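Chemist: Each chain is listed here by its residues.
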Amino acid sequence: METAAEQHHEAPAGFVRRYIFSTDHKVIAKQYMILSLTMALIGGFTAYLIRWQLAWPETDIPGWGPIGPDNYNAIITMHGTVMVFFVAMPFLLGAFGNYLIPLMIGARDMAFPRLNMMSFWTVFTASVVLTISMFVPGGPAAAGWTGYAPLSDNPIYTGVTWGQNLWILALALEFGSFLMGGINFLTTALNMRAPGMTLWRLPLVVWMELTAAVVFLLSVGPLIAGALMLLADRTLGTGFFRPDRGGDPLLWEHLFWFFGHPEVYVVALPGFGIMLEVMPVFARKPIFGYRTMVWSTIAAGLLSFIVWAHHMFVSGMDPRLATPFSVTTILISVPFALLVFSMIATVWGGSITLTTPMLFALGGLATFIIGGVTGIFLGSATTDIFLHGTYFVVAHFHYTLFPVTFFGGFAGLYYWYPKMFGRMMNETLGKIHFWFTFVFFNAIFIPLFAVGTHGSPRRIYELSSYTYLQPFQYLHVIATYATIGLFIGQLPFIVNFIGSMVRGKRAADNPWDANTLEWATTSPPPHENFEHIPVVYRDPYEYSVPGENEDWIPQTRPEPQIVYAAAD
Amino acid sequence: MSVGIETASHKAYTEGETTGIPMGKIGIWWFLASEVMVFGGLIGAYVLFRIANGGWADQAEHVNWRLGAINTLVLVTSSLTMILALSAGRSGRHQRAANFLLATVLLGLTFLGIKGVEYSREIAEGFTPASGMFWSFYFLMTGLHGIHVIGGIVFNATLYIAAVRGTLWSEHHEDRLEFAGLYWHFVDVVWIFLFPLLYLA
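Read top to bottom, the protein sequences are chains X and W. Whatever position you read off the first sequence (first residue = 1), add 41 for this note's numbering. Whatever position you read off the second sequence (first residue = 1), add 2 for this note's numbering.
Since the hints were derived computationally from the structure, they do not count as laboratory data. Among the hints, erroneous ones may be present.
Claimed, not checked - Quick list of in silico lysine-lysine cross-link-like pairs, DSS-like style, CA-CA up to 30 Å:
1) X:LYS472 - X:LYS67
2) X:LYS71 - X:LYS546
3) X:LYS67 - X:LYS546
4) X:LYS546 - X:LYS472
5) W:LYS27 - X:LYS71
6) W:LYS27 - X:LYS67
Stated by the list, open to error - Counterexamples of contact, computed for chain W against chain X with all Cβ distances above 10 Å:
7) ALA35
8) VAL49
9) LEU88
10) ARG92
11) THR112
12) PRO131
13) GLU176
14) LEU184
Fair warning: this is a prediction, and the values are worked out from it, not measured in the lab. By construction, the Cβ of each residue, glycine as well, lies at the ideal position given by its N, Cα and C atoms.
Please construct the entire structure, taking both the sequences and the accompanying hints into account.
Modeler: Below you can see the structure in the form of structure tokens.
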């Protein structure tokens, strides 16, 4: 396999090789970003349909019409699938992982550039397959994003035939893509580091992308096996998950959540990493406890493999399993609490500048804490049995994944946009975007915690038949108005994102006075990233070092004694 | 500010060699780690299911353990020829290495041929993936393994062509023989697990 180190040449001249089938990690990163933001439009539109139906059941939805119960199930399935697999993963791993890892470690490209290109086009194909599945006869998959058997297994329950098969195919392609991507991330970060870039000098976001890659790599296998079994059940007449043929639907739940729970950390860790890059820069302080953060990340990665059955407390599995899985679940909140406290300690007492990326990072931290704390209610079997299957779970889930995907992702997007596109984004539009997103996100999901504790079940098309829930229907209406507000709040972002590419102020090489290596090259970086491969002398977060004239010291600045020795 | 590499107190730097391990080797090991989890999940599900459901002995007695044993021998031998190809290639005996690669490819094809005979006999006797849980697992596990064998044969065959043409024998490309070997041994090891679990248990 041809590796980046072996090929040194100029950027290809043709349009197709340069912008479409490119092997440049920076172009591929932008492709991932555009793909994920496009898929987010589909994911967002389905959220709007769901919210409207829940607030004003069975009315005409502007821009769509009424939705029936079958369509409702298909729509929530597509919302979850699109958002987790085709927005969060391509955005946080595909776009930021691809863009940042080579630049931050001082490499010219990924270890396997052509494999990298293939990863993108595989996930692109997966997105096309999933989009096509929405229009096939029988409709798209309607068994939820978790694809629970036997709902997903036997077409008589949902009436969906090809939609479900294509859903499995789309996920299989998506997994293949991120496996190739993960292998590339890990090989690159192990072998392509610039001189002096030891593992303990890696920026935290690189550590977190790598941990996410390992966790994904080692957790997805059993689900790939499960997907093959599901496909065989649907097409070859086997019965792995069908009790009438001797199978067991619980097996699917185990295989799914063995991957599904680590997947939360696959998405969460890169989002955390981005926030951790942004915070020290705009607080002008070093990361509090860098090595503790690295060990916490690794500990969270390891523990994520032994918590999965907390999704299954009411599934009918052996109840003796509930206690050990409760314990491991509470245990995994320890490394995450360390990460959160480190973020607070990093910004505490700093010279904080509330730029748009900093606002998104702080907003992500504030909202993630709510997600983390409510996780303790659900991780403990005793309270989970009451709350399971209610909107409390929906709200908790969105309070963990929305902060990392959108607050973390937008923090990164506003922060690295000058590097990616060579122009600054508009701060005013950015701040409007932040406040709309922050206020309306909370206004959607705080009411859902409330309806959840009052016993409102999730995954139900029409809630008005539950008379005990009628006093709380107004909360669903608030959440729906807030959803519309959240979408209106994204318009300034779209204007800003596209408009700044043409009209934004030209960005300096290092507009934020940051230390890490991506700021040591031009904005945007040249084809192979660096004029000369940089030499690394320092830790990534040396801000406000006492006795220095400036409050930042780039990783490439030699220690004084080394300069002295070299001049000798 | 650009700092020349020679001014740094670091040892001579070559791009892409931070750890000294070849890039492709790191990649293939991570790939195999993920593959271990795919087969691990499948084998784990099979073992637990079988223990929980009374053993399926009535279904399992119909597999042809003799052909399975022969196939085990074929695959283990092909792993040996793969190693011999690598060792011959490393010591510069290129013709010999090409011959051993060809032997590995042919043994892989033999394995698939015997497996095909088994499948056709079983299907003729009425045992299909839908004939019960044991048969579902049997066809899925051996089928997935078979796909991996096909992949390995294609990989080895391209190396054989490169070896005959002489394009394999350069410093960078010679490593590919080792990477192909790692994958091929993995495919062999999976079978070493599948054979007792499916044919003897």
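Chemist: Flag every earlier hint the structure violates by its number, smallest first.
Modeler: Of the numbered hints given earlier, those the structure breaks are 7 and 12, listed in rising order.
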